[in-house]
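Letter by letter, the sequence shown follows residues 5 to 143 of our numbering.
There may be inaccurate statements among the hints.
Below, in silico cross-link-like pairs of lysine-lysine (DSS-like), each with a Cα-Cα straight-line distance of 30 Å or less [claimed, not checked]:
{"#": "1", "residue 1": "K24", "residue 2": "K67"}
{"#": "2", "residue 1": "K6", "residue 2": "K67"}
{"#": "3", "residue 1": "K38", "residue 2": "K67"}
{"#": "4", "residue 1": "K24", "residue 2": "K6"}
{"#": "5", "residue 1": "K38", "residue 2": "K24"}
Simulated DEER-style distance windows between Cβ atoms [said to hold, decoys possible]:
{"#": "6", "residue 1": "K6", "residue 2": "S78", "range": "31 to 39 Å"}
{"#": "7", "residue 1": "P82", "residue 2": "N43", "range": "12 to 20 Å"}
{"#": "8", "residue 1": "C56", "residue 2": "E118", "range": "26 to 34 Å"}
{"#": "9", "residue 1": "G92", "residue 2": "E118", "range": "37 to 45 Å"}
{"#": "10", "residue 1": "E111", "residue 2": "N21", "range": "15 to 23 Å"}
{"#": "11", "residue 1": "V68", "residue 2": "P88", "range": "17 to 25 Å"}
{"#": "12", "residue 1": "N43", "residue 2": "P91", "range": "28 to 36 Å"}
{"#": "13", "residue 1": "D110", "residue 2": "S57", "range": "39 to 47 Å"}
{"#": "14", "residue 1": "R114", "residue 2": "G69", "range": "23 to 31 Å"}
{"#": "15", "residue 1": "G90", "residue 2": "A117", "range": "31 to 39 Å"}
{"#": "16", "residue 1": "E118", "residue 2": "G90", "range": "30 to 38 Å"}
It should be emphasised that the hints constitute simulated quantities derived from the structure, not laboratory data. Heads up, the beta-carbon is just placed ideally off N, CA and C, and yes, glycines get one too.
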Amino acid sequence: IKSFDVAQSGFGSSWTNEPKRIVLAEPRAACNDKGFSVNVQNSIVVVERGECSFVDKARLIQKVGGIGMVCVNSSPRPRLLMMPAGPGGAPDVTISAMMIPHGSIDEIERLLAETKSPGGKKKTLIARAQVKSNPKKGQ
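Let the sequences and hints guide you as you build the complete structure.
So, in structure tokens, the structure goes:
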């Protein structure tokens, strides 16, 4: 079991703690639906911060059938951002979204690599979001 610090977005729905398939977006920026080379249907999609807004990434993932977005911060500072909805809000975004710290994508890639069985057949990595609201210091 691996856990990450998270910041929930200022848009979209709340996370459930039901296990879901997780995939890495290709390309990682997730700013163009023509570029998705992985099936994101019914999956939580891990993307990298940058190149377009957080809301644009979430809208795109939602459009192609993803059910959640985990955005990896591309900068070590600030550690986490809330991911604002922007001036017009984002009432059309219904998927869940959160940010995890810079460098977390390396750990996710390692976990995904471990899902390959000896015969080369790929298994599925399942994630469960357990988001605590306003955790006390040290939790």
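Now for the hints, and whether the structure bears them out:
no.	hint	in the structure
1	K24 with K67	holds (18 Å)
2	K6 with K67	holds (29 Å)
3	K38 with K67	holds (12 Å)
4	K24 with K6	holds (15 Å)
5	K38 with K24	holds (24 Å)
6	K6 with S78: 31 to 39 Å	violated (20 Å)
7	P82 with N43: 12 to 20 Å	violated (33 Å)
8	C56 with E118: 26 to 34 Å	holds (31 Å)
9	G92 with E118: 37 to 45 Å	holds (41 Å)
10	E111 with N21: 15 to 23 Å	holds (20 Å)
11	V68 with P88: 17 to 25 Å	holds (23 Å)
12	N43 with P91: 28 to 36 Å	holds (33 Å)
13	D110 with S57: 39 to 47 Å	violated (24 Å)
14	R114 with G69: 23 to 31 Å	holds (26 Å)
15	G90 with A117: 31 to 39 Å	holds (35 Å)
16	E118 with G90: 30 to 38 Å	holds (37 Å)
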